[in-house]
Each structure stands twice: as C-alpha cells, then as structure tokens.
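Heads up: the sequence lines are chains A and B, in that order. Each residue of the first sequence is one higher than the last, beginning at 1 in our numbering. Each residue of the second sequence is one higher than the last, beginning at 1 in our numbering.
Just so you know, the hints here were simulated from the structure itself, not pulled from any lab data. Be a bit skeptical, because a hint or two may be false.
Which residues of chain A face chain B? A partial, calculated answer using Cβ under 8 Å [said to hold, decoys possible]:
1. G520
2. R552
3. N556
4. N810
Distance condition first, Cα-Cα at most 25 Å in a straight line; then the derived SDA-like pairs of lysine to any residue [as the list claims (entries may be wrong)]:
5. K671/A / M755/A
6. K87/B / T750/A
7. K60/B / P823/A
8. K517/A / I93/B
9. K450/A / S30/A
10. K803/A / G115/B
11. K116/B / N810/A
12. K61/B / I574/A
13. K87/B / E487/A
14. K815/A / Y118/B
15. K559/A / M63/B
16. K140/A / G203/A
17. K324/A / K517/A
18. K231/A / D218/A
This structure is a prediction, so every number in the text was calculated from the model and none was measured. In this text, a Cβ means the ideal position worked out from N, Cα and C, and glycines have one as well.
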Amino acid sequence: MPVTVKPTVVVIGNGMVGYKFCEKLVKKSSGFNIIVFGEEPRRAYDRVHLSEYFNGKTAEDLSMSSLEWYADNNITLHLGDPVNEIDRDNKTVHSLKGVVIKYDYIVLATGSSAFVPNIPGVEKEGVFVYRTIEDLDMMKDHAKKVKKGAVIGGGLLGLEAAKAMMDLGVEETHVIEFAPRLMPRQIDSAGSTMLQAKLSELGLKIHLNKSTSSIDGDHKIESLSFFDETKMDLEMLVISAGIRPRDELAKLSGLTVGTRGGISVNSSMQTNDPCIFAIGECALYDEMIYGLVAPGYEMAEIVAANLCGDNKSFTGFDMSTKLKLIGVDVASFGDPFITQPACRTIVFEDTNKGIYKRINITNDGKQLLGGILIGDAESYNMLLQTTTNKIVLPPNPEDMILGSRGGEDSGAGVMSLPDEALICSCEAVSKGTICSAVTEQNINSVEGIKKCTKAGTGCGGCVPMIKDLMVGTMEANGAYVKNVVCEHFDHSRQELFDLTKINEIKTYDEVLGRFGKGDGCEVCKPVVASILASLWNDLILKQDTIQDSNDRFLANIQKGGTYSVVPRIAGGEITPDKLIMIGEVAKKYNLYTKITCGQRIDLFGAHLNDLPDIWETLIDAGFESGHAYGKSLRTVKSCVGSTWCRFGLHDSVSFAIEIENRYKGLRSPHKLKGGVSGCIRECAEAKGKDFGIIATEKGWNLFVCGNGGSKPQHAVLLAADIDNETCIKYLDRFLMFYVKTADHLTRTATWLNKMEGGLSYLKNVVVNDSLGIAEELEAAMQTHIGTYECEWKAAIENPEMRKRFNHFVNAPNEKDPTAELVPMRDQVKAKEW
Amino acid sequence: MNKHADIALTNAAEWFLACGVEDVPENGGACVKYNDEQLAVFNFTRRGEWYATDNLCPHKKQMALSRGMIGSTGDAFEPKVACPFHKKTFSLITGECLSDDECAIKTYPVKVEDGKVYIKVVG
C-alpha cells in the first residue's frame, strides 16, 4: 500500500476566522493534518454577539462548535497555548507550553487586540477593554459595586460596550467620543444626531468632541480629566478606541508588516513567506485592515481553496453593516458619505419617531451608490442588493426608503434580484444557490436552507431575506409546477384521494403499486395513511409503519424519546373524579402535567413501554384518545355559556361537546381545531379556529378557516343566524370538502387563501351546493361517525399491537435507559439535547 | 464518541441473534439491545431485505431511528430511514446522511436463518 504523508497545516489563532478556516478546509479535503493553537482557554466563540453574554447566553452558547467537532474531524486543538516562535528555516512552530510541530503551511489568524491609547492611568483598577469573554467576566465582577461608569470610544464596539455596562446594572453610563459624531466610520453627522437623541432617550449620556487627558485615582479609578479642563467622577471605565492587529509573532518571525500594524498579504492572503498565510483582522491587504467577520470568512475561504488547488483571490470587501445598537437599528452601505456634486442625495428625517434615512444616487437617477439608515433599517437588505448589483432604480427612488405611497408596489422585491446577487455575505451564498435549494431539493424551511447552503448561519442579518426568497420561489413553483406529493407519486394529494376512493383501495402498498413507484418515503407514507384514514376510517395501527411517528405510537414523541398522553376532554368539561384519575396516573408514572391551550390536560414523559398500561387505566376510568398525535380533530374549545354566565345567550358547552364528539377521530390534511362561544364577547376565541361558532340572538354564526400559529388569521363568516341542525349540516360539508381537496399539511386558512374564487366559491359549495356534492359529503361524514372507534381501546385489547410498544424487541420489559428526565418546579422535564 | 469501540475489541465477526422475523413489523423497524448498545433492525418486506443500523440519530443524539419510517430515494432506489424527530434521512446501505453531510450512522450486516434475525456486530 502506498504511504502518503498528509501535509501539516498549523493554524495559529482559534477565533471566529481561524475556526471558519478549519471548517472550510475539512469540508473541501481530508488531505491535511490540521493543528490549531489558541491563546484563549476556550474554543472559538461568536465575538460578534458577545454582548449577549450579559443577557443570559453562556460561553458554551456562544461557542462556534462542539468539542467533539475537532476530534471528529481529526483536528488537534491546543487551547491556552499561544505559539511564541516560528522557525522558518527548519519549518517548525514552538508553543509556550513547549509543543514543537513541523509544518508545511501556517495560517496566521491571530486577530486583533483592543487598542489602548497612551492616557496616563490606564493601568488603574476598574479600567477594562471589551474584547474577550475573560474581559467580560472581569467587568461583571467589578460592575457589581459600580453606580457610574463610562466608555471611551463612540464607535460600534464602544456603543456595544456601553450597552453591556447598562445590562450589568450600572445606573449612569457615559460615552466619551473624541470625534464630533458617533460611529464616525459608518454614519454622517445628521445620522449621528438622530442616533444620539435615541440613545439619550434610552438613558445613555453622550459627550462628543471630548478627549481624555488622564485617568485619576489612587491605584483605583476615581475620576477622568479632560483636555477641556472638566472632570468626571466615576468608578469604572471601558476603553474601546479601536483595534490593533496582532502581528507581533509575524514581526518576530521576519514577516513583512505594515507601518501601522497588520501582516502584509497578497490577494491569495500569502505573506512574504509563501508557506505562511494571514487571514482576518491581523491581515493587511492593500493597506487596509478588515475589521468585520464577513471579509474574514472570505479570506478563510480563499486560503482553504488555494491549499486545495483552486485559484481564488481576494479583491477587497464590501464593508456595509447593519446592526441593532441598544435597540436602535443602524445601517450603512455602499458609499455612505459621497456628496453633491458627485451624486444626488435623498434624505428623510423624522425626529418624532427617531428615523433618519439617506440614500445617495447617481446624477442620472438610475443607480444607488450607498446610504445610511438610523431607527428603521428594514429596507437595508434590498438597498444593499440594489447597490451591489447595480439594479436600475424605480422612477421614484424615494419609494425605496419611504415605501410606495398609493399606487402600485415599486418593483418585485427580492425576487427581482439577479441570480448572482450575494444574499449572505458571511458565507458567500448567492440568490441562485438559495432558490435552487428550494426548487431542486424541495427545501421549504429557513432551517433547511441554513443546513443545506449555510446561508444565514453567520451574523443572521440576511435571514428575513432568505425567507422571502424561499416563499417567493415556492410560490413561483406552485404556479408553474404540478404540486406532486413526492418523488414516488406523480399526483397531487387530491388526485390520490380520488384515485384511492374510486378504486376502493385500502392499503398503502396497493396505492404505491398502482399509482406510484419505488418504495415510498417519509413524505408519501403519512399522506396516503391520512387519505386511507379519511376515506375508510380503519384502525390506523393495522398499517402502523406507514404512519408518522406520533400516529404509529398513538402519542406525541418528545425530547429524549418519551411520549405525551392527552385524553379527550370534550369541550373542556371534566368531572372531579376524572381529574383525580388523571392526577393518579400522572403520579404513578412520574409524568409532567400541564393544561393545554385547547382546554385539556397533557401528561408528558411517558416511556413507550408504559403507554398501554397508562391508557388501560385511563380507558377504564372512562377516557378515550384525544388524537393529539394525529392530523385530525383536536379540540372544540368553549366558554362556559348560558348555563352559568350572566351574558350567555346559548349553551355553548353542550354544543361544543356535541360537535367535538361528532368529529373526533376525523383524519384530515392538517390538525383541526374548533371553538364555540356563547355570546359576542367570544371568550372561546372561536374566530382563531378552523371553525368557530358564535351565539347570536337568533341562533349561531358559523365562521370558518381561521387559525393561530405562525401566521394568525381570523375565521370568516360562512353562514349567519342558523340553528343547531343547519350548523352541523354545513360543518359536515365544509370539513369533508376540506378533507377531500386540501394539500397535505395545509390548514383550512391556507386552503381558503389559495382557493380560486375564495370565500364566495366556498359558500356556494357548502351552502348552495353549487357542485351537487353536498349529499356525498354528508354521507362521507356519516360513514366516519358510524365507524369511529377509540384507537387506544383497540390497541390495548390486542396483544399483538400491544407488543409494538416495547422499546427493545429482545428485552420487552426494559425501558429505554437513555430517556432521561430531570427535575423542574416539583415536576420533571426532558433533559436538554 | 465511538459507541462501538468496545464491540470492536471483542474481536471477530460475531453474528448475534437479535430477534425473530415476526418481531419486526413489516416495512418498519424495531430496537435491539446488544450489551449496553442499541441497534435498529429494519424489515424491508417490500424489497425482501433486512438492514441494521445504530439506533442513535447523531443529529440530536436521540435513540429513535428504529421508530422511523423507511423508504427509498433516487433513481437507484437507495433504501433509507427517516428519524422521527426532525426527519433527517440516512442510507440503510452506507449510513450516510442524505439530508445533509454533517453526520452519519453505522450500518451492520443482517442475515435471516430459520425465522431468526442475526446481526453481525463487527463489519
């Protein structure tokens, strides 16, 4: 066997950029032996979100990767051990702790340190810099006894540090800036004035044009003296006057460094020693230090690519930024400072709301050159894209910052961007990559896109845009592409529903055999299972392995692999005896109990093996399955109604119980929720449900197609002032029409939104029977009601089905030892994953 | 990390008796205890094939794969299992994650003799 020796890459520095380099290199190739030295005692962490450390995030939360990640990728990590010598003649590095490594390549990712100006007294106790988790820990300790503090530096980091100081409970926080405005690198003076007003409102005291002459006190800070001969008493000071590249090791090793610091590199990030590269804030490219994370990541990409034989070069980087400073949006993009006559400027200023927006456009009015946003940066992503992609501006460019006032929308938003538009600059992901992930890999969640493309995993600023692109692409696809179930069926759900019905097919295998191909998957199996259950209402456990996990075990799987148990409590009405029984079951099986939003009781933390025994006890006490695990009717919520309430017009509880029992167990494309309110006060929140019934003087108003959830929508009126029988008749038709025609996992609200003809069409079908199918729909509902059986009762009475609830097939009495519960407020909860 | 390190040390290819054919549901899986380990065994009736993998889904470290749905994907009908927690899918042949390339599971040979299912714990 040929022996190949992998080249050794020594990465010096384990910050965000150093880590990102490792991640990129192992992704591209396994042909390197990677050794990392980090000076700090912990693994690389997210320095951009450092201030979140004071809002409860832990060092581990901020960590960029797990400890195992390094081991899994065969990366040797030396923490708390800086390299103090590079011997370029013998190609070795020597660490502080005495580790000597022979290298083929070195990547310097030593980052930067806080620049501390030479003010007399900087060494005093109570003076800090804001850079590492250690700095933050020291600030935290000190801040406990402090009432008044200040930050020197009104730049981006200085304001972050001021925010941190406020979070630490310092009552009076001052910001001292030498320049005449805040954030002088990013915003103009009008923007600074607006920002200053906003920040002052929030309690920060800001001093501009102020320069510190000395830090006074007897070994401990007591006051500051300024060149304008004023003084300020205080107990704590954070210096945030800029960064200084960590180039001392490079200098010591004879590498070229800039006159004002930074390791000089060419466009391949190579230093004057071709085997040594520098990336991130320690690198000096074209006389510039790039103090943001996105260009650092781009540099990491370039070195990783070049080591793997790709030819990539760095050509500078857009330094546009958007951030939230102490709750105030601040953004600057392109060239924010260019002025007339080189351009034309449009400015919007609203001191009432604290908003300032400026855009700079070309003299011909066709292109955007840059701008500044304070107080409202929602349009940042679009403006940045318009600038970098040189997109032609709409006829009224002011619409871009004001929104269109009347008339048509200006432009088609994100979907009008070119495919090569860079959406995520941290990870260099283009619009084309995101859209093709949606189209070609059927990804339909932002999380999915993050996993697949890495877009949105850096600073997270582009996430709203990713979502818009995803939704836009899906809509575009929906309009032109047939909505097939999955790769195994060339049919929509509605077509499969009709085919299955007409051909009276009862099993998944036969549906797949006749209308599909391959062996099925986790997408089409539950779709067909739902169709079969809707059509024939057969026991779903007869075909257990085509059911989604929750349906397969008739319970909801929770973190850690235990399940939750929800008995039906129709209309939310329950007897004291039944309440006691639920309490006894929960105690016996050590279950966590919680009242659900649907007026019933959920019992969490049940082991798979215990489910049949739990249900046996509940069923003996008169309970039945609540179908919380199924895409089916959940609950019909009710207010207390006319039996007790002095405002109640009708008995809403009795009607809710009747309705819930009528439709219990109805399998549908998505979950179904209902509500009945006894008067117009609407305490049952029925208009937030798939169907809501609200009492009137003359009868009931029936509302349909509402939901809560991520896109709340109120239900709309289908019929007014109807009696109980008519209400039930319309509901039978409405629900069966939905079951028959909606796509899988489509709630009634979305179904109606997409329906051609909308509400008036639905009204015609349900109320006026325009399709002549009312009788068929009602008959289908009668069949459902006639064949209803409690699934849990059937399961516990059948020894074969019962056996399926054993965790180990070869050790039936043993529970899953890995399902761990931990105490919380006198009950238990699942262990965090 | 390597949950099977101790198995690997006990030398040689051991076929161990996991369960009876009838113990594993058709076109589905079951969990098998092997010493202190958990394996998932799948009865792919539709193809007349058996597969075995780790029971642990590496994504959130949950013992759940045996409870997942199985199926196939692509032109070559690659057999796969989907974790019930977040629907990450894994090849039943190679163990590779088909949803992304961030994690993988181990797979083990399976044989059926006289109605008994055997899993080979060292491959």
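Structure-based check of all given hints:
This hint holds: G520/A has a C-beta 5 Å from the nearest C-beta of chain B, less than the 8 Å allowed. With a least beta-carbon distance of about 7 Å to chain B, the hint placing R552/A at the interface is held under the 8 Å criterion. Annotation: N556/A was flagged as interfacial toward chain B, and the flag is violated, the nearest CB pair being 11 Å apart, outside 8 Å. Nearest Cβ of chain B to the Cβ of N810/A: about 5 Å, under the 8 Å cut. The hint holds.
Taken as a hint, the K671/A and M755/A pair is honoured in the structure, with Cα atoms around 19 Å apart against an allowance of 25 Å. In summary, the hint linking K87/B to T750/A is supported, as the alpha carbons are separated by about 23 Å, within the 25 Å threshold. Taking the CA atoms of K60/B and P823/A, the gap is near 21 Å; set against the 25 Å cutoff, the hint holds. A distance of roughly 20 Å separates the Cα atoms of K517/A and I93/B; the hinted pair therefore holds under the 25 Å criterion.
Restraint check: the Cα-Cα separation between K450/A and S30/A comes to about 23 Å, which is no more than 25 Å; the hinted pair holds. For the hint linking K803/A to G115/B, the alpha-carbon distance of about 18 Å falls within 25 Å, and the restraint holds. Between K116/B and N810/A the alpha-carbon distance is near 12 Å, which keeps this suggested pair within the 25 Å criterion. Restraint check for K61/B and I574/A: not satisfied, since their Cα atoms lie roughly 39 Å apart, outside the 25 Å limit.
Between the alpha carbons of K87/B and E487/A the distance comes to roughly 16 Å, so the proposed pair stays at or under 25 Å and holds. Between the alpha carbons of K815/A and Y118/B the distance comes to roughly 22 Å, so the proposed pair stays at or under 25 Å and holds. For the hint linking K559/A to M63/B, the alpha-carbon distance of about 10 Å falls within 25 Å, and the restraint holds. The suggested pairing of K140/A with G203/A holds, with an alpha-carbon distance near 20 Å, which does not exceed 25 Å.
For the hint pairing K324/A with K517/A, the CA-to-CA distance comes to about 51 Å; that exceeds 25 Å, so the pair is violated. For the given pair, K231/A sits about 16 Å from D218/A by alpha-carbon distance, which is consistent with the 25 Å threshold.
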